[in-house]
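Asker: Sequence:
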Amino acid sequence: MSGNCEYVQKNYGVPACVGRRVTVGGKPGVIAEDRGHYIGVNFDEDKPGVVHNAHPTWEVEYLGMGKIRQMTRSQKRYAEYLEFSDCYDSFADFLGIKPKTASY
100 MSGNCEYVQK NYGVPACVGR RVTVGGKPGV IAEDRGHYIG VNFDEDKPGV VHNAHPTWEV
160 EYLGMGKIRQ MTRSQKRYAE YLEFSDCYDS FADFLGIKPK TASY
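The sequence shown begins at 100 in the working numbering and counts up by one.
Just to be clear, a hint being listed does not mean it is correct.
[What the hints assert, rightly or not] Pairs of lysine to aspartate or glutamate residues, derived as EDC-like cross-links and limited to a Cα-Cα distance of at most 16 angstroms, are as follows:
1) 166 / 145
2) 126 / 105
3) 166 / 143
It should be emphasised that the hints constitute simulated quantities derived from the structure, not laboratory data.
Remember, predicted model here, so these are calculated numbers, not experimental data.
Generate the whole structure from the sequences, applying the supplied hints.
Answerer: Spelled out as structure tokens, the structure:
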């Protein structure tokens, strides 16, 4: 993919860039990623880090600059687990949490 939404700016003639506030289909959000032919939008109603593809001209209103919400430490850790989940039996295994033994 190109840099900061360069393809979208050049080919669609829109002021897309990472960090710009937008409304897509009436839903407010911020462009969080350059997705090549699309803009990656983190909608205000979603958790930080959840990014949806949006066509740069379909019901998009470009607004002023905003701030990209960062994932929490817990969200980053779980995203890392998902990336390497085939190496672990469970999320607890990934975290190194040992199961408690039953004591009767």
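Asker: Now, for every hint given, state plainly whether the structure supports it.
Answerer: Hint check results:
1. 166 / 145: holds (14 angstroms)
2. 126 / 105: violated (24 angstroms)
3. 166 / 143: Roughly 11 angstroms separates the two Cα atoms, so the pair holds.
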